[in-house]
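Please build the complete structure, drawing on both the sequences and the hints.
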Amino acid sequence: MNELYEKYIKKESLPTLFCPGCGNGIVQFAAIKAFEKMGIKDDLACVSGIGCSSWIPCYFKMDVMHTMHGRALPFAEGLKLSRPDKKILVFSGDGDCLAIGGNHLIHAASRNIDLTVIEINNYIYGMTGGQKSPATPEGSVTKTSPFGSYDEPIDGCSLVAAAGGTYVARWTTAHPVQLEKAIAEGIRHKGFSFIEVLTQCPVQAGKNIFGEKSPVAMMARYKEMTYIYKEGMEIPEGKVRIGKIKHDTSRKEYTEKVLQKLEEKNIKKGQSNG
Amino acid sequence: MADITIDKACCKGCDICLSICHKKIFVRSKKRNNYGTNMPEAVNRDTCVFCGMCERLCPDGAINVRKTEEDKEK
Amino acid sequence: MDPEKPQKKDKKTAVLQGNEACAKAAIQAGCRFFAGYPITPSTEIIEMLSGEMQKAGGVFIQMEDEIGSACSIIGARWGGKKSMTATSGPGYTLMQEAIGFAAVTETPTVIVNVQRGGPSTGQPTMSSQQDIYQARYGSHGDYEIIVLCPSSVQEMYDFTMRAFELSEKFRTPVILLSDEVVGHMREKIIMKPLPKETIEPTQIYASSPREDFFKGANSMVEGQLHDELGRRIGHIAPKSGDFINKICSKITDNIKEIADVEAFCMEDAEVAILAYGSVARSSMNAIKLARGIKDDRVRAKFRIVKDLFVRGVPATIQTDYSHLKVGLIKVNTVWPFPEEKIQELARNVDMVIVPEMNTGKYCREVRRALWDKTVISMPKCGGEIHSPNEILDRILEEVWCK
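Protein chains in written order, with the numbering used here: chain C, 1 to 274; chain P, 1 to 74; chain V, 1 to 402.
Be aware that a few hints might be false.
[Said to hold, decoys possible] Calculated cross-link-like contacts (lysine-lysine; reagent style DSSO-like; alpha-carbon spacing at most 30 Å):
no., chain 1, residue 1, chain 2, residue 2
1, C, K213, C, K252
2, C, K11, C, K181
3, V, K373, V, K288
4, P, K67, C, K7
5, C, K252, V, K288
6, C, K86, C, K246
7, V, K215, C, K86
8, C, K37, V, K215
FYI, nobody ran anything at the bench for these hints, they're computed from the structure.
Below, the structure written as structure tokens:
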């Protein structure tokens, strides 16, 4: 198998439970490449929720927490606050992150706590068989929207940027090099980083939403329906913006703020009368 | 000539590598992987430019591309 | 054993509210992470710890909801910090999934539920013991859990320390099931110094031993049923069955060590009161009233009320309880159900009365254990605790009816 893959993946857990052609494997490899380049394997832990994409870190040879549906963020926040010197990477799906976990996403972004969240958006609930998710395009016929979805999709990137996240980016599985760089940048960034990855789900979303069974065709679709913003360009109609959307280094990170305030108030450790 | 191997224990036969390689190095073969589908095999390996896209886009980490000694000298 | 009389020989004392004592005990026990959400009547715990926890070098965070609180304390424990949260009724219901997750992943943590009237918004400022079954069976699935019920401020302090000890030893979440009466009462307590052996993490009882994160152990914390390496086995029936049996038996096999049941005046008792939590206080005073045990502190507290009653109530109606031989079985660890201990303590009585501030829930367990005795349920809903007279009047009624 691939040398780098072998270094980071638990062989005894293979084969992965991803379907043939699933985009999750591509995101997994991009993350591995980022870890290798940064050399941070020992200072990193991964947390994930429930869903197909939440299985990505379960194959890594590192400390991993595979938690509850939608609750990856509070687990990650607790872990981060207890070990602020380490880096935490969160893998969450579109349903996990935007539906059941929406509230936690807003608050974690608002706190600007130093976490890196990778939202793997396949536009559907894949693991449970193809029900609609908050990211599903309006009008899509899925297992729970037989007459077409009524809801307008939620854009995770806009939500996080508005709530106070300081690094926001979106890429697709058709851009693995840029994705790897974005993951590394997000981890390095001291604050709440949010990277949305548009991924192909050939078995559920491909069949129901895009009318494509081939993963390569879906990746080509993603390349076609997205654009990278350049200064002064005319924004194309109906396309999704990819690239780095927000990078704010001026906002203070949560744990930094806490430590600064405690210093200001002259509160030293061991002062409690407990 | 590039040393390109595909692991039959990992490959699931998704055929992404067949379309992605712009040098058309991967072709479908009659060999089966452990998943039960047809595996690709690498032909014309001397045309490989080591772009690494096949490794990045294989969702199962099955492809390993290595430079042999003579490739490194080039 | 009398919760109203702390031992005089120990050092530091303070007059504290139940909730405050719980907060201080947590810090004393080594808790260095608290996440919570304000909810009456547990809010004093989060308010106190918002300052004290940080002063002690720990982490405090007010999360966006109780689900976030319960999840973050589990995450923090895997980062190496002992953790706790505190809530009441509706918040406790929200935490159930996380409690199940802590049970299946064998995460030591402490959850405090200061019970209030339910269901739903219920009675935010009144007490109850309605969550007794939820504390045991709240989360879906099969698991065992340890639940402690304090009945005084001293016990709030002591049991919080014990909760951390038990959770680390048995690798399980522990529930401190208090109620509004105990949470809000103020009493003088002795704040015991830190035990010589601090509460050390151990893996002896873990069915899937796992190191904390960032120790190079590549720990896999998995919510699905898993093997020792954290790999899922949920799809393999025999292995799944074994897993459930293991996480349950680590508690049920050690009931003798975990169980804490106290007896008061049971040596010659003919009727026993079996109580837990704040109702155990009324029961204790009922015993003293019946047995004529003089307690100046009780007299002082009830003097004003008693004077009003005594002056206003004709002598013929004042009840004489002096011939009642009553005793008290005070259950401190309500779960796992201390069946053998209760049977042993009740072996010489014919009648057991179980006063509770709910529809008579724990009584079902007692009836099952004491199948050969007359077990009488004394439920009381509405939020007011049973008075000693109420309990004794009921006993008299039952005794006369026989």
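Sort out which numbered hints this structure fails and list those numbers smallest first.
Structure breaks hints 1, 5.
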